[in-house]
Amino acid sequence: MIPIFRYLAVSLCLLCRLSRRNCLLLSLLVLAVSGNVSAGVDGEAGNKGWLGSAVLALNFNDGRAGVIAPQLSSRVDIHITGPIARVRVAQTFNNPSDAWVEAIYTFPLPPDSAVDHLQIRVGERIIEGEIQERVAAQQLYQEARQAGQQAALVEQHRANIFSTHVANVPPRAELTVVLEYQQQVIRRGSRFSLHYPMSITPRYTPSQSPADTDAVTSDKPVTQLATVLVGENNNATEIWLDLQAGFELDEVTSRYHPVSKIRIDDAHWQLRLDPQTHNANADFVVEWQGRELAVPQAHIFSQSYAGQEYALLQIMPPQVALEQFRQARDIVYVIDTSGSMGGESLRQAKRALLWALARLDESDRFNIIEFNSEAWSLFDSERQASAKNIVRARHFVQNLEARGGTEMRKALGMALCGPCLDNHSAGRLRQVLFLTDGAISNEEQLFTVINSKLGNSRLFTVGIGSAPNRYFMRKAAKMGRGSFVHIGKITEAEKKITQLFERIDVPIMSDIELQIRADNVDISPALIPDLYGSEPLVVAIRADDLPEQFILRGWRQGRLWQQVLALSTAEERGGIHVAWARKKIGSLLDERALLGAGQARRVLRDKVLEIALQHLLVTPFTSLVAVDKMPQRPQVAELENAVIKNNTPKGRQFSLARTATGMSYFIWLGSGLLLLALCVYWLSGRGSQSS
Amino acid sequence: MKENQQTVLRGCWRACLKHLALALVLIAVGLWSQGAYIFLKAELGQYLIGRAWQQSLQSTEPNKPWWWGDTWPLAQLRVPSQGITLTVLAGDSGQALAFGPGHTTTSAQPGGEGLVLISGHRDTHFRFLQYLQEGQHIILQNWERQHTVYRVSGMQVVSEDVLIETNNNIRSLMLVTCWPFDSSEPSSEHRFIVHAQAIASQF
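Note that the protein sequences, when read in sequence, are chains G and Z.
Heads up, the first sequence is in the numbering used here, so the first residue is 4 and it goes up one at a time.
Heads up, the second sequence is in the numbering used here, so the first residue is 1331 and it goes up one at a time.
Hints were generated in silico from the structure; no laboratory data involved.
A couple of the hints might just be wrong.
Listed next, the stretches of chain Z that the computed footprint assigns to chain G, with coverage defined by at least 3 CB atoms under 8 Å from CB atoms of chain G [claimed, not checked]:
| id | region |
| --- | --- |
| 1 | 1353-1366 |
| 2 | 1379-1389 |
| 3 | 1401-1413 |
| 4 | 1445-1453 |
| 5 | 1467-1477 |
Okay, the calculated beta carbon distance ranges per label pair [unchecked claim]:
| id | chain 1 | residue 1 | chain 2 | residue 2 | range |
| --- | --- | --- | --- | --- | --- |
| 6 | Z | T1435 | G | E177 | 26 to 36 Å |
| 7 | G | E146 | Z | H1467 | 52 to 62 Å |
| 8 | G | H271 | Z | S1513 | 27 to 37 Å |
| 9 | G | D101 | Z | Q1439 | 21 to 31 Å |
Since this is a predicted model, take the numbers as computed values, not measurements.
The C-beta atom is built at its ideal place from N, Cα and C for all residues, glycine as well.
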C-alpha cells in the first residue's frame, strides 16, 4: 500500500509545478481516491461474528501463552422446567506439561444464558465459586494468584462469551471445570427445542465449489482427515436430560444423535446420550411437541430458595381450531413518517402495513395514524374492516411520504384514547402498534401519556434502525401490556413487523390476573401480558410463603375465565429463583438506562447488585470468583526459573497465514481510472472544438 | 470584452480537464504497476527460487535465492495431475508468500513425521487448489532428495481465526489458501484447506 502513496505524492508534486491553478483541484481528487483505497482495505477487517470454541488455554510462567490443553471428557446434565433449561457441564482437561500453569477456559453460551455456578476440581480439591462485585472479584483472584493459591475467575466478555481463569494448576494434573447455566427453551410454532453446542468449530461449505462436492466435508467422518480442528478431538460427551415440559407431550426426539428415552409420565421424560455411540460433529438438539389443547393449560413449578419461595407459571394457549377462539380486535396502526424514515425504512413499513391490512378479519375494526411534526388519522375513530374501508386504507398507506420532524406525543395521545369505549367495543381487544425510528427525549411526558390514557388498549412498539431509544420503547411496551420489537437491520423490517402481526393475531385471553394470598408477592412482569395463540405465557413469582392454591383469572371470548392452580411442593425444580431474578434484573437495568447520572441511578445499581449477589448471577456489576484458601504451589522461586521439561502438548497448534494479495484489485481499479481519464480527456477535446 | 472573458474561462476549464485526465492516468498507471509488481514478484520469484533450489539439491544445504533474501527454498511441491511445480519457501510471512508458497516453520519439516503446513496466495501460486480433486497425488521433495507422496483426502473451508491442531504421529500435508478464489480483495476471512495424507515415501 505504501509505495502507491509515495508514487501519488511524487506525481502530485510534479503536477503542481506544471500548473498552480489546478493544484487544489488535483490534491482534492487524490485525497478522495486515496481515501477510497484505504477505505476498501480497512473494510476487509470485517466482523467475525461466530463463536469461538470452548477451549482451555495454558499460560506458562516463561511467557509462552495460549497453548491448548487436551480435553479428556465431558458430562452434561440438562434439566428442563417448562420454558427454562438448567445446564450443568463438567469438563475434564489435563495439564500435559511438567510446569505450574495458569489455565484460561473460554466458552460460548447460548445468547440468553448466564452462568451462576462454578466449581473447579483439581485432583481431590474442590474450589467453589462465589459471586462478588466485579472489582472485588478481580482483586481477590489476583491476590490468590500471587500467593500461589488455586483460584478461578469467571467473567462475561460479550453477551455470550465467558472466560474462566484458573491460576496455579499443578504439573500433569487433571482439572475439572463444572459450570451451571440457565437458558430459555427455543420455541418455533408449537415445537420446542434445546441446543447444546457440541460441534465447536463452525464449518463453512463452499457454495459453488469447483472441487468434488462430495469431498467438501461436513458429513465426512473427521477421522479420515489427517488433521482435525480444535474442539473436534474425540472428547467423549455424555448427556443426561430431564424434561418436564409443563404440558402433555406428543413426542420427544433427538435430531442428530441416538438417545435412550424413559417416559416417567405424559409430561415428564428422560433422555440419555451414550458417550460411546455418537460423533461430536453435530450439536445435540432435542425437540418436543405438546398435545393439541382445547382450553388454555396452566402449569406451575416451584422452588424455595434462601428463605423465600419462587414459582414459575406457564400458560399454554390452545391449538385446536384457533379461529374459533379468535377474539375480535380494534387495531390502531401508528406510523412514523418523519424525514428520517424516508427510503427503505418507510418502504418496508408500508409493505408490512399493506400485508397486515390484507389479513384483517371482517369483524375487526381498525384505524391508521400517521405522524411527523403533526399527526393525522385515516378515520376519526376505528372503523369496520369492510372491503370499502380497506381500499381507502390501502390508498392512504400507499400515499404516505416521509417529511418533517418527530412529534410522538400527539400521535400517542390520539392512539390511546383512555377507556376508548363506544357501543361496539365490548369484548374487543384494542391493540396499538407503534412504529418509529426516532430517538425519544421527552420520555417522562410520554410515560405519563401512556399511564393516564392506556385504558383497555395494548401498546406494541416497533423500533427501526439503531437510533430508537430501546429502553424507552421496551418499558413503554411493558407499561402498555404489549411487547417490543427492535429491527436493527432495515432489510429485516418487513419480515419482523410481519412476524409481530402474526404473533398478536389471535388473542386468546386478556386482562390476566393472579390471585395469590401471601405476603410480599412480587410478580414479574408486574403487568401480566395477554395470552396469544402463538406462544405460551410465562410469569415468575416470588413470595415469602406461597399458598397451596393460586387463582388465575382472565377474560376469554368476552367472558370471565377462572382456574385454580394447585402448587405441588413435592417436586421442586431448580433454577426458578434464577428465572425470577433475571427478569427482575433485566427490568431494573432497563430502568437504570433511562436515568441520567445521579442518585436514582446509583440506587438501582445497588438493587441489581443485591439481587445478583443473593441469586449468584453474573451481571455487569458482578463476577463469579472461586478461591481455594490453601496455597498449593510450593513457595519456591519457581516462577522465574522453572525449567519446563516437556511442555509440548500431544498435538500442535497453528494459526493460518494471510493468503491473498490485492493484485486483481489494483488492476481493476487502475483500468477503471484509465477509462475515466479517457472520458475526461475526450470531454476537454470536445470543449475546444465547439469554441 | 465579454467574449474575451468567456474565451479565457473556457481555456481555463479545458486546461483543468486535461490536467485532471493526466492525474487520472498517473494514478491508473500507479495502480497497474502495483498489480503488475505483485504478479512479477510471484513469477520472477519462482524462477529465481527454482534456480536456488537446484543449487540446494546439489549442495544439500539451504541456499538463498538472492543474497539479501530472508527466506530460502525448502522443498518442491509437484501436482502431476494439474501440471504444477512450485518451490516452497521457508516461513509463511507476507514477504515469503509474495515469491512462492511458504512452509509454516513450526509445523513438521517436509519429509518428516507430522503435519506439513504450506500456505500460498489464492491469486498467484495456489490458484490451482480450486481444481484439485480428492484422490489426486501431491509430491513433496525436500532438499535431501526425499520424495513423499500424499493423497488428497478432503477439502474444507474454515474461518481465518481457526486454530489447526495436529497429531504428530501421522504424516500429512495441508495446503492453505484464501477463499473464495474469485474475490479480488486483498484479504479474506475464510481459508480453503486441502487435507492430504502420506501414502508412500521414497528416496
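task: Starting from the hint list further up, note which numbers the structure goes against and sort them upward.
output: Violated hints (numbers, rising): 2, 3, 5 and 8; every other hint is consistent with the structure.
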